[in-house]
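Each protein sequence line maps, in turn, to chains W and U.
Mapping of the first sequence onto the working numbering: position 97 corresponds to residue 97, and the numbering continues sequentially without gaps.
Add 186 to a position in the second sequence, counting from 1, and you land on the number used in the working numbering.
Hints are computed from structural coordinates only; laboratory data are not their basis.
Hints may be right or wrong, so weigh each one.
To be verified - No more than 30 Å apart at the CA atoms, straight line, and that leaves these computed lysine-lysine pairs for DSBU-like:
hint	chain 1	residue 1	chain 2	residue 2
1	W	Lys160	U	Lys227
2	W	Lys185	U	Lys457
3	W	Lys143	W	Lys165
4	U	Lys483	U	Lys413
Each chain, letter by letter, is given below.
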Amino acid sequence: MQIEIVLAGFGGQGIMFAGQVLSYAAMETGKEVTWIPSYGPEMRGGTANCTVVIADEEIGSPLVKNPPVALVMNLPSLDKYEPLMRPGGTLVVNSSMVDRSVRREDITAIYIPANEIAEEIGDKRLANMVAVGALLTAVSVLKTEDIEATLNAHMPGRHKHLLPKNIEAIRKGYAYAQAHTVAAKA
Amino acid sequence: MARELLKGNEAIAEAAIRAGLDAYYGYPITPQNEILEWMSKRMPELGRAFVQAEAELGAINMVYGAACTGARVMTSSSSPGISLMQEGLSYIAGTEVPMVLVNVMRGGPGLGNIAPSQGDYNQICKGGGHGDYHPIVLAPANIQEAVDMMPLAFDLAEKYLNICCVLLDGSIGQMMEPAELPEMQPYPRPFNQPWAVNGAIGRERRILTSIYLDPPEEEITNLRLLKRWEQIQKNEIRYKEYYLEDAEYVVIGFGTAGRIALSAVRAARAKGIKVGLFRPISLSPYPYKRIEELCAKTQAFLVTEMNAGQMLEDVRLAVRGRVPIRFYGRLGGVMPLPDEILDEIEQMVKHPPKAEDDPAAIWLHRMLETVK
C-alpha cells in the first residue's frame, strides 16, 4: 500500500499543518510516512504546498508527478494540480475560495465550502481541519478517529481547549464530503 | 524510544547533541538554517558552546580551535558556505584533528538557489581544500539514517583523526519522517585524548599544527594521513542494496537520488523488469569493490544523480568498461521524479548502452534536446 497526497493553498491557510496532522496520524497507526514542503523563497503570501506519502514499506520518492489525491484550498492551486491528477484520482476543492468546477471528467471531485463551515463552527482558522475531514473520505488508510487521537496527543496543553472544535471541524468536513462527491465518469 | 515525526535538519542537530556534542559554530544559510536554530536554543540550555560566527570563515576556524582541545565539535552549512570553509577544512585535515561537517547541498554553482542538489559531490568527496587529504563522507537517504549517522560521524572522526562529513541535500533537511533519536549520552565526556592541547600543566607540552616547513617532514605527515586513509578504506565501506538477488540491471544512486530511484525500481519490477538498486552510503571511501562484484551478473548500470555525473566517475572507475553504463542527472536544484527514472530504466533495457559509450556525453545531448 502506498498513497500520495498533495495539499496546496495560500500561505496562511494552514496547509503545511494539515499535511503534518495527516503525517502524525499515519505514523501513529504504524505506517511509514514522508512530509515534504515546497520551501522556495516565495513562501510569504505566495502559494504553499506539501506532499504526504503514506506506505507500508520504506518510502522511495517523497514527491510524485501525478498524485492520486489532492486538496486545493484556492484557485491557483486548482489550476496547478487539476492537470497533474492521476486518472481516477480524487481532487478535494475548497469551494469557498474557488469559483469554478473541476473540468476533468476522469477524476472524482469533492467540493467543500471549508471557510463557511469553519465560520459556522465559530473560527475561520478551522477551514484547514474541515478540508482535512473532507480529504479523509478519499484516504482510506486513515480514519477520522486516527486524526482526532493524533490531535489529542500532540496539541500543546495551552491549546487543548481548541480540541473539541477541531474535532467538530474534521467530522463536519467528512460528513459534508460524503454528501457532495461527484464521482469520475471515466 | 518511540518514533517521532522529525524534520531532517532538526533531527540531525538533536542527534549530534545526544551524541555528546561539546561545541557548535556556524553561520546561517538556507536550506540548513534549522540546524543552527536548534543548536542556538539547545546548546546554551545544556551549558554547551554555541556561537553564531561573523561568517563561515570564522565558524570553521572556531571549529579548528575547539577540535584541537579534543572537543566533540561540528559545523553545518550549505554549498556556498561550505566553499568558504575550504581553507579551514584543509588546515584541520593537515593538523589531524577530528570534526564533523554537515553539508545540506543546494543548487549551484555560484549563489545558485536553495533547492535540493547533489552538486558538491566532487568538492566534498575529493577534498575541496588544498593538499592531499580524504574526508570520510556519509550520505543519508532518509531521516532515520541521518540521525543514526551523527554519533557514527563523531566516532569515525575521532577514531581516524579525520574530517567526517554528513552530505545531504535540502529535501532531506526540510522534510519530515518518523525517526527514533538516540539516547542522550552521559555528559560531559572525558577530555583525555592523548593528542589534545588542553592545558600542559604537569605534562609534556603538545603541539598541533599544519605547518611543516621541512618538506621531508611534510611528506611523512602526508604518508601518515594516507596510512590512516588506507585503514578507513578497509573498514568503513557502507551501502544498501535493494532487489539485487536476481537483478539483471542495477540502478546506482546516493542520498535523495537513490531513494527516488527506489520508487522507479519498484515500478519497473511491477512491469517485469529484473532491476535492483545499489545505494552507496559511504561516498568516501567509495564502495568500488562491491560495484566491481556486481559487474559479474549485471547487463547494464543506470547511474542517477542530482548533478552532471560526478559520482558516475567513481562508478566508471569500479566498472572499468566491463559493463555498459547509462547516466541520468538533473541539475541546478531540479529533483528527478520516479517516472523519469522509470523511463530511463525502460530505455536502458530497450536500447542497451555500449561499454565504449561515454554515458555523460550521451546524457548531455539528450538533455540539451529535451530541456529547453
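Going down the list of hints, with the structure as the test:
1. A hinted pair counts as satisfied when its Cα atoms are at most 30 Å apart, and Lys160 of chain W with Lys227 of chain U qualifies at roughly 25 Å.
2. With a CA separation close to 27 Å, the supplied pair Lys185 of chain W and Lys457 of chain U stays within the 30 Å bound.
3. Restraint check for Lys143 of chain W and Lys165 of chain W: the C-alpha separation of about 18 Å stays at or below 30 Å, so the hint holds.
4. Distance hint between Lys483 of chain U and Lys413 of chain U is unfulfilled; the C-alpha atoms sit about 33 Å from each other, more than 30 Å.
Violated hints amount to a single one, hint 4; each of the other numbered hints is respected by the structure.
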